[in-house]
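Dock chain B against the given chain A, drawing on the hints supplied.
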Amino acid sequence: MEGSKDITNLAAIQTKKKLSEEFFKKGVLIALFSGLTYGLYSAFLTLGMTKGVWSDWYGPNTAALSAFTITYLLGSLGGAVNDTCSAIWAMIFAAKNGKFGDFIRTLNTTPGRIMILAALVGGPIATTAYVIGIQMAGSMVIPITALCPAIGAILARILFKQKLDKRMVLGICICVLASFLIGSTSIGEDAPEDMILGIAIAFIAALGWGFEGCVAGYGTSMIDSEIGIAIRQTTSGLANLLILLPIFGAMAGSVKLSADLAVQAFASGPAMIWFVLSGLCAFVSFMTWYKGNSMCGTALGMACNATYSFWGPFFCWILLGVINGMEGWTIPPIGWIAAILMMFGILLIAMNPLDLFRKKEVK
Amino acid sequence: MKKPLNYAILKYFTKVDEACAEDVIKALKGKYGNYKALNRKDVVSALMTAEANGLLEETRFEMDKSNNLKIYYHAHEEGAAIINKYIKD
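These protein sequence lines map, in sequence, to chains A and B. The opening position of the first sequence corresponds to residue 1 in the working numbering, with each subsequent residue numbered one higher. The opening position of the second sequence corresponds to residue 1 in the working numbering, with each subsequent residue numbered one higher.
Chain A with its partners taken away, still in its complex shape (with noise of 0.2 angstroms):
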C-alpha cells in the first residue's frame, strides 16, 4: 500500500515537472513567434506602403504632398491604417472565441484603462517618438530603440519586483550589442545638427516600448491575451486616427488634408490588401508578445521578441527583394553574426548555458 502511494506520488512529481518545463518552453516559443511575426508585419507594411495610392505619395507625388506631410502624416497614417486593421482582426478572433463580451466589460476597469495607457504609450506615443527622432537624428536612432528590452526587464524589476540576476543582466547587453549592430547597418553618413535631440526623443521611443512590454505583459496575467489585444489594437488605431492624424494635419496646414489622406489609404485596394496582411501578423505578434512576457518573465519574453530586429531586414529581404526584385534589402553579414549573437543572449537570460554540459555529464 505504502508502495503504491510512493510510485503515485512520484508519477504526481513526474507530472508536475513535465508540465512547468512545458509551460516554460512554451512561454519561450511565444515569444519568440512574436518576434518572427512582428518581422512579418514590418516587411507586409513596408510593401504594402509601396502600392496604390502610396506608390505615388512616395514617388512622382502627384498630389504634391509637402516634405512634412510625406514624413510624418504618412508615417503616421501607415500605422494608423495597420492598427486598424489590426483592431478589426483581434475583434474578429475576440468574437469567434466568445470573448467580445468580455472585451467590453474590461475596458472600464482598472486592468483594462492600465492596458489602454500602455497601448498609448507603446503605440502612438512611441511610434511619434520614434519617427520623429529619425527625422532629427537620421538612422542613427535605430539602435537606440534596441534597448527596449533591457528598459522592460528594468521596469519590470522595480514595479513587479520580476527576477534579474547578473547572468540575466549580460545575456540582455548581448541582445542588445546584436540588436544595436543590425540597427547600425542602416546607419547612414548622416549627422544632422538636432542629432541628440534626435536621440533623446527616440530614446523616448524605447522608454515606450519597454513600459508597455512590461506592464502590458504583466496586465496579461489578469486579462486574457486576446482581449488584452483587442483593447490595445484598439486604442492605438482610434488614437491613431482621431488624435495623431489631426495633429499632424494641423501642423501640415490643414487637418482635412489628413482625413482627405486616410480616405485615399483606406480606399487603395492594391496596398490594402497588404494592409490587411500587416494588421493580421501585428495582431499575431502584440497577442503573442504580451503572451509570452506573461508566461516566462519580461526579460526573456522581451529578448526574444527583440529578435524582430533581424526577422524585420530578413522577411523585407525575402518579400521586397527576392520576391519583388526590389533592391537595398539584402542582409550585410554583420546582420547574420548578431543573429547568432542575440540566440546566445536569449539563451543565456533563460538558462545557465554551462547546465547544458552538466545534463550531458549526469547522463
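To be clear, the hints were calculated from the coordinates, so they are not data collected in a lab. Because the structure is a prediction, the values reported are computed rather than measured. Check each hint, because a few of them may be wrong.
[To be verified] Within a straight-line C-alpha distance of at most 27 angstroms, the following computed DSS-like cross-link-like pairs (lysine-lysine) qualify:
hint, chain 1, residue 1, chain 2, residue 2
1, B, Lys65, A, Lys17
2, A, Lys16, B, Lys41
3, A, Lys16, B, Lys15
4, A, Lys96, B, Lys29
5, A, Lys16, B, Lys11
6, A, Lys96, B, Lys2
7, B, Lys26, A, Lys17
8, A, Lys161, A, Lys17
9, B, Lys36, B, Lys70
10, B, Lys88, B, Lys2
11, A, Lys25, B, Lys41
12, A, Lys166, A, Lys25
13, B, Lys36, A, Lys16
14, B, Lys41, B, Lys70
15, B, Lys15, A, Lys161
[As the list claims (entries may be wrong)] Examples of chain B residues lying across from chain A (beta carbon under 8 angstroms, computed):
hint, residue
16, Pro4
17, Tyr7
18, Leu10
19, Ala50
20, Asn53
21, Leu55
[Claimed, not checked] Facing chain A, a subset of chain B residues (Cβ under 10 angstroms, in silico):
hint, residue
22, Leu5
23, Ala46
24, Thr49
25, Asn67
26, Leu69
27, Ile82
28, Tyr86
29, Ile87
Note that CB positions come from ideal geometry on N, CA and C, so glycine has one too.
For chain B alone, kept in the frame of chain A given last:
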C-alpha cells in the same frame, strides 16, 4: 455586473483557501458555463500565468483517480491584495 472570466477566476481564489482548475470550473460553471474558455486547458494556463506573475502560489499537487494531475493554488496575502486592488467586487 458580470465580470470577465479571467477576473472571476482570480477573484475566486481570494474567497477560498485553495483550489485546483477543476474546482474553478465547478464553481464558475453556473455563471460562465457557456464560455468556450472555461475548460481545463485554458484554466490551467490562466492559473500557471497567475502563478508566474506572483498573484497565486502553489500549495500542493496530486494525481486524481483518472490519473490527471491536479495542482492546487491559493492567493497569498500579497497576491490577494493585488487582485482585490485591481479587480473590484
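> Can you name, in rising order, the numbers of the hints this structure does not satisfy?
Replying inline: Violated: none.
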